[in-house]
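4 protein chains.
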Amino acid sequence: MLTIALFGAGRIGRMHAANIAAHPHARLAYVFDVNTQVAQDVASQYGVTAIETVEQALADDKVQAILIATPTDTHVDLIIRAAKAGKAILCEKPIDLDISKVDRCLDEIKDCDVPIQMGFNRRFDPSHNAVERAVKSGEMGQLESLIITSRDPGLPPAEYLQHSGGLFRDMMIHDFDMARYIMKDTPVSISVMGAVLVDKELSRFGDVDTAMAIIQFASGALCHINCSRRAVYGYDQRIEAFGSAGMILSNNQTPTSVTRHTASATAAREPLQDFFITRYQDSYRLQLDAFIAAVIEGKPVSPSFQDGRLALLMANAAQQSLETGQIVKL
Amino acid sequence: MLTIALFGAGRIGRMHAANIAAHPHARLAYVFDVNTQVAQDVASQYGVTAIETVEQALADDKVQAILIATPTDTHVDLIIRAAKAGKAILCEKPIDLDISKVDRCLDEIKDCDVPIQMGFNRRFDPSHNAVERAVKSGEMGQLESLIITSRDPGLPPAEYLQHSGGLFRDMMIHDFDMARYIMKDTPVSISVMGAVLVDKELSRFGDVDTAMAIIQFASGALCHINCSRRAVYGYDQRIEAFGSAGMILSNNQTPTSVTRHTASATAAREPLQDFFITRYQDSYRLQLDAFIAAVIEGKPVSPSFQDGRLALLMANAAQQSLETGQIVKL
Amino acid sequence: MLTIALFGAGRIGRMHAANIAAHPHARLAYVFDVNTQVAQDVASQYGVTAIETVEQALADDKVQAILIATPTDTHVDLIIRAAKAGKAILCEKPIDLDISKVDRCLDEIKDCDVPIQMGFNRRFDPSHNAVERAVKSGEMGQLESLIITSRDPGLPPAEYLQHSGGLFRDMMIHDFDMARYIMKDTPVSISVMGAVLVDKELSRFGDVDTAMAIIQFASGALCHINCSRRAVYGYDQRIEAFGSAGMILSNNQTPTSVTRHTASATAAREPLQDFFITRYQDSYRLQLDAFIAAVIEGKPVSPSFQDGRLALLMANAAQQSLETGQIVKL
Amino acid sequence: MLTIALFGAGRIGRMHAANIAAHPHARLAYVFDVNTQVAQDVASQYGVTAIETVEQALADDKVQAILIATPTDTHVDLIIRAAKAGKAILCEKPIDLDISKVDRCLDEIKDCDVPIQMGFNRRFDPSHNAVERAVKSGEMGQLESLIITSRDPGLPPAEYLQHSGGLFRDMMIHDFDMARYIMKDTPVSISVMGAVLVDKELSRFGDVDTAMAIIQFASGALCHINCSRRAVYGYDQRIEAFGSAGMILSNNQTPTSVTRHTASATAAREPLQDFFITRYQDSYRLQLDAFIAAVIEGKPVSPSFQDGRLALLMANAAQQSLETGQIVKL
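Residue numbers (the UniProt record's numbering), protein chains in the order written: chain A, 1 to 330; chain B, 1 to 330; chain C, 1 to 330; chain D, 1 to 330.
Hints listed in this document are in silico derivations from the structure and should not be mistaken for laboratory results.
One or more hints might be untrue.
Put simply, identical chains are the same to the list, so a pair is met inside one copy or across any two.
As the list claims (entries may be wrong) - Listed below are the simulated DSS-like cross-link pairs for lysine-lysine, each with C-alpha atoms no more than 30 Å apart in a straight line:
no.: 1; residue 1: Lys110; residue 2: Lys84
no.: 2; residue 1: Lys136; residue 2: Lys200
no.: 3; residue 1: Lys200; residue 2: Lys110
no.: 4; residue 1: Lys329; residue 2: Lys299
no.: 5; residue 1: Lys62; residue 2: Lys84
no.: 6; residue 1: Lys200; residue 2: Lys184
no.: 7; residue 1: Lys136; residue 2: Lys101
no.: 8; residue 1: Lys101; residue 2: Lys299
no.: 9; residue 1: Lys184; residue 2: Lys62
no.: 10; residue 1: Lys329; residue 2: Lys62
no.: 11; residue 1: Lys329; residue 2: Lys84
no.: 12; residue 1: Lys200; residue 2: Lys299
no.: 13; residue 1: Lys110; residue 2: Lys329
no.: 14; residue 1: Lys136; residue 2: Lys299
no.: 15; residue 1: Lys200; residue 2: Lys62
no.: 16; residue 1: Lys136; residue 2: Lys184
no.: 17; residue 1: Lys299; residue 2: Lys84
no.: 18; residue 1: Lys329; residue 2: Lys136
Just chain A, with the same shape it has in the complex (with noise of 0.2 Å):
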């Protein structure tokens, strides 16, 4: 059984409760938020403890791990903080959008024997990972192509956008690291390029709404990412691992098996899951149950503070490469 604190009760840390109380070895203790009525209203929802700081959760004893779902700019120092108290953590995504501060937590932490876990929960999507399975397996020989699409049902609010460090720090970064987690090779060149199609508010603060990348791995391998923060159909979400022997993808998800057929159009299925929620509900509860499983085991978790610190790398190349119009080593 694992004691566990959740820092940030908003729509993600929701669900990360409501998992942890489902879950037969996890223990929720504590909820904190800065938000103290969401933080109380949550907690009590599962008959546990509403805290008004994080130092009660990691002065207690029994909490033995911290989930981290606050805002991004405060992971770095939860991260530190719950290292240095000695516990175990699952953080969102990303560690930050400064690489200079991820490299500064990293140094902090360095004689902090942690476990430390990131939120990377597409990792344990039960079809992404059939393909991970697929590639390492053997089955398909040997990997030469990849491709991620990877497309919103629609815009988040202008607020969020101007804040998010960009189509690549923000979305594409879930791809960034798909594509180490299914290639297991290191990237060596980026190339990218973006546009303002969805939103001409985007222009205003330097992002972009659609983006095209590829990316050569050592071994020659080459991936491709394409991103769009519109997709009316619902949320678009394939991965197309193409190798020696053969091709495996994983395929968009409706919610029935129901295909309609009439005069206009056959076997037409429903839109997509239309919200990362819905479309990885089984991820995020996979992704928690590794943790948990991890940490009690003594295990190493993956994916690792290190696989965050990369996916930002790469998603910094790729802004680069698209301010730059060059292709940007690694």
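Dock chains B, C and D against the given chain A, drawing on the hints supplied.
Frame of chain A, contents of chains B, C and D only:
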């Protein structure tokens, strides 16, 4: 909040226990099983009380509902006792294999004004349910033909089969209920053919393992059902509703959305879900959810005792058609 | 090189003319039609001779084969005359609507040693044919169930229907032949239900527009066929063969491989091919190819006259089952 | 009726010969090939005249059009001579591997007012074409992203590859044309990465067998192309057009519509069409059809010489991007 006692802690009973425990508006109070050790194990897993007689639950005023998941031949007795104790009832299908016992039961409880919901969980499967809604809404026009495919991955043990009531009362009964659920009409005649093609042992006790039925409804609309006790590719559960304005299909489901493309085959999906508990886990959960909501809100439950009785009548007619080689009027 | 005379230059006859003209090993010699202008038009299109009596072709020794695509009630007479003239025959289905005429025909030609192939072209459809080959090869294990869906896009004119012999002899006869083709077994009983759901006019002449059959074969294996005279989404032609080692489906076909993904539906394909001449254009061509090859090489043709006769017997039994409300032994 | 002379009777030339012979509005008049025996064989198959010099056809006033299917390095010379002889021209792609020769050709024929259609047959594929039409009609809203997957089943012989001009000028050139065809916009920059993953031999002559490109168009819209010289599951040819109102896909095609469902996989289709002549047989036929119709009706042909030139410019820029590791402006 609905307080529920569970009678029967076998495979299905345990699934119900977990669903009750996880439900935000239900509370599991007691677990009964003839095997007291099993009852004890399940009860302690959820921190509730194991009881050695059903009376302990029936006599407890705090218990508002009974979930009956005991062997079929105990259903009628437990329904009568629970109904007389004023409890709401969710009972696994079938009510009984003997229609005269079912009718006697109906007679015994005719003055008990309690909700009785029968466990035809497939009505709650999101995909099958989407078919029912599309038909009911008129989206497919006038319903003309319905085709239900229902094939188990493999044969249950001979011991089970021998006391199952036969393929029609044990297996196709689900499909009879589904046909009525989608058709919203009265079946008027049924024709059945069957064969022993999977396991010759079934001939010993007069059962079949492969069967096809056609049923005509009052409107003239037709329904075909096909069943097999073995499908090597997994649990094959499909519905096809065909009307004057189009066709809607509830297709099979695979564990992931992955497809493989190799030198021997393309677009290959994984084998289907291989068991009803996996395939229908959502429908078991949603069935319970509907029961709890209806009882709390004082609304009618569905499918009703009468639905259970009519499905058995159809199964009996099917058995008669098989045995006589005649089309049977209903 | 096979020299062929075409009798009948209606819609299907003209398609045959084009196929013969394009075939590397066939030569179209004559075209006959009761409408001499039509015969003239088709003949001149291919630079061949229009004839006003079939005798002109039957008397010409260079003519080796006759393709009969005239109205059904002329088939028996033309088969007898062509057979007695020693010509190989490819005759459109059915032989006749009256089994006594078919039997008399058989008696008349019993001493004529000429190949007679019946135009059950669907046997040559590449997808249906792949099902037959997979079953025959044992790839699907022992065949246990067969399901044939056969729905026309729309009703033919009432005038046509009134003299069609009814749904079973006009439409489901194709599916009876397909069932025998794939099953390679003897049908022993048939049960049928039907209804007038599409066009009330059909009641006037005792026909139905919607029907379902179940058929048992000698091995115990079962077959279901469902037909409708109207499917708004196009020409619905599917076969499902289910055996001890798996299932193989011949699925529907759309004009292109395009799918659409919008806010209202995803993965939507176009409506199906909307007519048998479009849907089965390959099978008409391959049927002719098989006939030409068999005649040239002196090998048996297939499907045979006997296949045509047996399909009619099944249709008659189906009609009897519909009319009597009884399961009929074959 | 259009009278055509065929120059080049290799594999593709012979397919063109068959298509011309079968076309209702075309007449094959002459066949030329440097291998006179091959020319003789093809000519006699269609009952036409084999010629030993192209002059014989160019000098014949009855010849209205020339189909050029000779080796690439002869295209420019033949185009110039045919154009000066006033013949309409359908020329296989590419015009030439050397842009300076292409430009000189353009200069030479600038006063010849003859239709010149380039053999980018994929524009005529019914599925790809349906994508183009849907985009053009606005059905998908504003086009934002385009993804083209283009993988050959296997490597051509090293001898062929060595003189092919490299992957971009030989293979991806089709996709560059397709990108322009669907985008209806001007490409402004291209970035390419490539690798030798299939056959190390290619390194000897500086070619790659695996490549990815991203291209930006003037509107900001993005296009990704991925190519491989080997796909074990068959000829992989897909197009994905993504716009503000939805996505339309041209999916892969299998020889039949059959799916297999066994203990190891479900819904498995056959491997894809394994060769461009099989996969694109309809588009070769429809390309010819469009050429014949346009020339007869005096309408502009498409794709034009200029389309061929622009595709080569894109291929050259791709090659430059690969060699320099830079994004190239167009």
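Tested hints:
1. Lys110 to Lys84: Within one copy only: 10 Å inside a chain, 68 Å across chains, cut-off 30 Å.
2. Lys136 to Lys200: between (42 Å within a copy, 23 Å between copies)
3. Lys200 to Lys110: neither (43 Å within a copy, 44 Å between copies)
4. Lys329 to Lys299: neither (34 Å within a copy, 50 Å between copies)
5. Lys62 to Lys84: within (15 Å within a copy, 49 Å between copies)
6. Lys200 to Lys184: Between. Shortest inter-copy distance 22 Å satisfies the 30 Å Cα cut-off; intra-copy 37 Å does not.
7. Lys136 to Lys101: For lysine 136 and lysine 101, neither the intra-copy (33 Å) nor the inter-copy (48 Å) Cα distance is at most 30 Å.
8. Lys101 to Lys299: within (27 Å within a copy, 58 Å between copies)
9. Lys184 to Lys62: neither (37 Å within a copy, 58 Å between copies)
10. Lys329 to Lys62: neither (46 Å within a copy, 61 Å between copies)
11. Lys329 to Lys84: neither (35 Å within a copy, 51 Å between copies)
12. Lys200 to Lys299: Neither: 47 Å inside a copy, 41 Å across copies.
13. Lys110 to Lys329: Within one copy, since 27 Å is at most 30 Å while 45 Å is not.
14. Lys136 to Lys299: Intra 20 Å, inter 53 Å, cutoff 30 Å: intra-copy only.
15. Lys200 to Lys62: Result: close neither inside a copy nor across copies, 51 Å intra and 59 Å inter.
16. Lys136 to Lys184: Answer is within: at 8 Å inside a copy they meet the 30 Å cutoff, but 41 Å across does not.
17. Lys299 to Lys84: within (20 Å within a copy, 56 Å between copies)
18. Lys329 to Lys136: Within one copy only: 26 Å inside a chain, 38 Å across chains, cut-off 30 Å.
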